[in-house]
Amino acid sequence: MKRVFFVFFSLASALLSANLSAAVIVENGNSNHDIVIRDKAPKTTRYAADELKTYLKKVTGIEAKILTAKKTGRKAIYIGAHPELPKTADFDPAKYLGRERFRIAELPSGDISIMGADCKDDPVGRKGRDFGLLFGTYEFIERFLGVRWYTPGEFGEAFEPLKKIETSGLPIDQKPAYFARSYWPFKWNEFSAEESLVFNRRVRAFGTRSGSANHTMQDFYFPYHETRPDFFALRLDGKREFGKFRPGTKPAERRWAGYPHYCLTNPDFLKAYCNAIDDYYAKNGKAKFWKEMHPDDYFVYVMPDDCFNLNQCYCKNCQAMITNKPRAEMSNLVFSFVKKVAEHVQKKYPDKKVLTNPYESYYYPPDFKLPDNVIVSICADPYFLFYGSKKFRDSFEKTLKMWSAKAKEVTIWHYYLPYRDAYPYQMPHIADRWYRAYPQIRGCFIELNDTGLAGQLAGREMKINPAYKKEKTVADLGQNYLTFYFSMKAMWGAPVDVDAELDRHYKLFYGPAAPEMKRFFTLMIGRWENVKSTQGDVEKMFAKFSGKELYEEIYTDKVLDQLEDAIAKAEKMVSADSIYARRIAWVRKSHFNDFVKVARAYQRDAKLSNDTVLTVSTAKPPVIDGKLDDPFWKGLPEYKFRLANAPLPPRYETKFKMGFRADGNLYIGVRAHDPDILSAKLVCKDRDTAVYNDDSMEFFFRTDDMPAKALRNITVNQNGVILDYTKFGKMDRTWNSAAAIKVFRGKDFYSLEMAIPLKEIGIDPESVNPLLRMNICRNKCSGVGQNYEKSCWIPVYGNFHNVMHLPAVLMVGKGDAALEDFSSVNKTFLKRHVTVKGKSKAVKDNCRLKYENGELQVFITYPKEENSYGDLTLTKLNGADLEKARTVEIRFKNPDPALDHMACWSYTGKDGKNHSDWIRFSSREIHPNFSIRTFDITRDGYNAKKRAIKKLPPFEPARLTYFAIYTRSIKRDGKERSYTLDYVRVTEHPASGKKKD
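The working numbering applies: residue 293 is where the sequence shown begins, and numbers increase by one.
Fair warning: there could be bad hints in the mix.
[What the hints assert, rightly or not] Derived lysine to aspartate or glutamate pairs resembling DMTMM-like cross-links, with alpha carbons at most 20 Å apart:
hint: 1; residue 1: K345; residue 2: E434
hint: 2; residue 1: K335; residue 2: E487
hint: 3; residue 1: K1129; residue 2: E1157
hint: 4; residue 1: K387; residue 2: E376
hint: 5; residue 1: K563; residue 2: E518
hint: 6; residue 1: K1237; residue 2: E1248
hint: 7; residue 1: K683; residue 2: E821
hint: 8; residue 1: K840; residue 2: D853
hint: 9; residue 1: K631; residue 2: D643
hint: 10; residue 1: K419; residue 2: D588
hint: 11; residue 1: K1156; residue 2: E1268
hint: 12; residue 1: K1051; residue 2: D997
hint: 13; residue 1: K332; residue 2: D413
hint: 14; residue 1: K889; residue 2: E856
hint: 15; residue 1: K1136; residue 2: D1265
hint: 16; residue 1: K580; residue 2: D570
hint: 17; residue 1: K1022; residue 2: E831
hint: 18; residue 1: K850; residue 2: E821
hint: 19; residue 1: K1267; residue 2: E1217
hint: 20; residue 1: K1123; residue 2: E1268
hint: 21; residue 1: K583; residue 2: D570
hint: 22; residue 1: K1119; residue 2: D1163
hint: 23; residue 1: K889; residue 2: E845
hint: 24; residue 1: K690; residue 2: D659
hint: 25; residue 1: K419; residue 2: E739
hint: 26; residue 1: K617; residue 2: E689
hint: 27; residue 1: K932; residue 2: E990
hint: 28; residue 1: K631; residue 2: E652
hint: 29; residue 1: K683; residue 2: E841
hint: 30; residue 1: K932; residue 2: E945
hint: 31; residue 1: K1168; residue 2: D1228
hint: 32; residue 1: K1243; residue 2: D1228
hint: 33; residue 1: K881; residue 2: E856
hint: 34; residue 1: K1019; residue 2: D996
hint: 35; residue 1: K349; residue 2: D326
hint: 36; residue 1: K631; residue 2: D664
hint: 37; residue 1: K332; residue 2: D384
hint: 38; residue 1: K1034; residue 2: E1052
hint: 39; residue 1: K840; residue 2: D829
Simulated from the structure, these hints should not be mistaken for laboratory data.
I would like the entire structure built from these sequences, with the hints used as guidance.
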């Protein structure tokens, strides 16, 4: 269904315009037209005249005059009402008020008139007012002067010099399809505040009324937290949810670290809310506390504060209204309150509407209809930026259909929120179609990606503008400016030929580089607007594309190659000091370079396994004090965090170690660098509260027998406050993990130690080679907003709860016949065997060992003039009982394709004799990550296979007497080469891997 456009033609205008030819405004540097406004015209009228004068000068070079009366012998471009205009309805200012309507017409005299509301407010501001006259002037500038504004400032204005300006197609009579076309933030990071505010008017932003209703209850904290604590949500611990202010701020600043929440079934709270509405409209001063989202000339706003789903009221009346309906668990509770407020408003203020937002666990409608004076502004989830997938678009269609049956009027809250992700989401065709597709939707609020959310984007080259200080601004205009541009055009409602406008954009904005930038954007748009399949559950809150979908299916390595090629060629087509070069550089620095860096890193990382193996530790267990200074930790492998949205290092390093013992415990030690530790966010004081909103670590555990998406979580803040819960569809905070946890806070870091019984996270400690899946994630909230960061061991490319593809942590070694895990320096010997004139001798030069974090690095240099091989003898395996186990397992890394590795061994058999054998377990292979090789000592060696060919039985082994790894290099170039061992063990329970001949 297409949006019905509001184009009005009056009989008078038809008569006045009949048979008029195109009016020539400028030709060959001359103009017979002046700009005429009435004497003492309002500020917006004068501003509109100045804008037209400015762009006539820029486009044609003429200096138009602004007069208060038409000059004899010349023609006028009238802006706004004027005594010289005809006394008909089309020129009556009252016909334009409150509707943002404008009309551009040619009079029989050849004069031009632009009519619309004469607003007295300053247009360079945020107020939602009727700026119809100004919008009509911008229509004239765009349509007849060919000017476009793609970003704020002169940077974003684009036009071609013209020798002739003429009008055609008059009259033009328009008013917007959407009464609200607002967004936040409304200032743009790369540009000044004034440039931002001017740009907002030029794209016809805001409208006459609000389109959002968020955080309407927060201010009720001030009059009631002391006098009526029963108004506030009852917590499980019996306390009330009053919310918390950010450390170091005053309550009057209203900088909440956690919002207050309320008991919505308390009749006295309902009465207090309705009384506050009455007091506000009565202007009696009693509602002065209501600073945020108070009633206005059009709306009363009703909506719980954010995270109400996580801070619900546990009184029996509220709990009785909570259901188990997915995404509607709290709908009956929330909208019963909304309904009662709406009934009060309907009775006392019939000219007012009640605006509310379905969100979080009250996203789907309640079981009942809402009064006709309620406008439901759906917080569309999945987010609009993912509507390149039909599956995601259909999800909204379903939601809209459900709400249309429950509410008379629906508006929309859209999210253009990639958060910290840099992927481009240019989708002009979808934006144009979507905003025109639903005539019943007449208001929209867009939440844009702000610098607080995106400030620590992976490697973002475009820095946060210091001029704005603590004020949040839009962070990602370069990432989506075409989506935004066509969204605003579609919400206004006039027809737009998207492809023609895109061609104009490439030509005007990129000049000589237009062909390559068109290739660049056409590919990018095509990939994002035509996502063929998505594996995620779109019914899940905050659903989004996975990393696999983003970087393996949408923006593949071949697509990246083409995009990089196009923009590189575009750069060569423009002079380095041109505006076109600056614009291409803006595309690069605003997001594209970071996007490519993340995508390439993901594509490399996707080819590698993050699975790891832990060997049982025989070291003394650590004292759990948070300090990580016990010998237990020194011999364990170390793992480093990466950004949550990219396999790249975070700004603030976090590393951890983990190990297990035969006592049945898993031990985890974490150290986190934090130069802002003195300003850490530590709001939560009580167990099982919203600790994840603090500076905290989150530990996620899964076992393969759990349902998809189920998990166990332990979250700990820097003060050691714990939240532990299970999630089998719904969060259950009654689970107690029995984990021993301590946190130590240093000068610029904090460290954490945990000992958790394996049985508490679903692992039978007596099982063979148990497998756990896990992730550790960090919420850094300390310092200024720009220093916030989310990082984790395994990037999640979304919410930390993305646990579908966690790596395996395999726990091995318990009960093995022998284990060398290199957790300490043992009698391991390295030498080289050098052959000179047919004779071999052992030497110790040109080889060395390095023990670090439970791994052994082996370094060998192969001189050009020598024929040699390395010999690493592992004496700790000597004496292994081969009657108990006869399989050897080696976990190793080999980044050097020049190296061949052989395992060589000897053992005494039950026959009392000594037997020797060998196997090549890696032959000129690259293993950048740890790999596992296993082989049977009695069956897989070279000599054993020769016996098998002769149909001789294998020898029965008794004890291992010798084990070594021999390493040769096909290159003798004098360069030092290396490989790494994690462990070598003799076991009856091998993990995985393959034999090698």
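Now the hints, each set against the structure:
| no. | hint | in the structure |
| --- | --- | --- |
| 1 | K345 <-> E434 | holds (13 Å) |
| 2 | K335 <-> E487 | holds (18 Å) |
| 3 | K1129 <-> E1157 | holds (12 Å) |
| 4 | K387 <-> E376 | holds (18 Å) |
| 5 | K563 <-> E518 | holds (17 Å) |
| 6 | K1237 <-> E1248 | holds (15 Å) |
| 7 | K683 <-> E821 | holds (12 Å) |
| 8 | K840 <-> D853 | holds (18 Å) |
| 9 | K631 <-> D643 | holds (17 Å) |
| 10 | K419 <-> D588 | holds (13 Å) |
| 11 | K1156 <-> E1268 | holds (12 Å) |
| 12 | K1051 <-> D997 | holds (14 Å) |
| 13 | K332 <-> D413 | holds (14 Å) |
| 14 | K889 <-> E856 | holds (11 Å) |
| 15 | K1136 <-> D1265 | holds (18 Å) |
| 16 | K580 <-> D570 | holds (12 Å) |
| 17 | K1022 <-> E831 | holds (14 Å) |
| 18 | K850 <-> E821 | holds (18 Å) |
| 19 | K1267 <-> E1217 | holds (18 Å) |
| 20 | K1123 <-> E1268 | holds (14 Å) |
| 21 | K583 <-> D570 | holds (15 Å) |
| 22 | K1119 <-> D1163 | holds (14 Å) |
| 23 | K889 <-> E845 | holds (17 Å) |
| 24 | K690 <-> D659 | holds (16 Å) |
| 25 | K419 <-> E739 | holds (17 Å) |
| 26 | K617 <-> E689 | holds (19 Å) |
| 27 | K932 <-> E990 | holds (15 Å) |
| 28 | K631 <-> E652 | holds (18 Å) |
| 29 | K683 <-> E841 | holds (14 Å) |
| 30 | K932 <-> E945 | holds (8 Å) |
| 31 | K1168 <-> D1228 | holds (19 Å) |
| 32 | K1243 <-> D1228 | holds (17 Å) |
| 33 | K881 <-> E856 | holds (13 Å) |
| 34 | K1019 <-> D996 | holds (15 Å) |
| 35 | K349 <-> D326 | holds (13 Å) |
| 36 | K631 <-> D664 | holds (10 Å) |
| 37 | K332 <-> D384 | holds (18 Å) |
| 38 | K1034 <-> E1052 | holds (18 Å) |
| 39 | K840 <-> D829 | holds (15 Å) |
The structure fails none of the hints (numbered hints given earlier).
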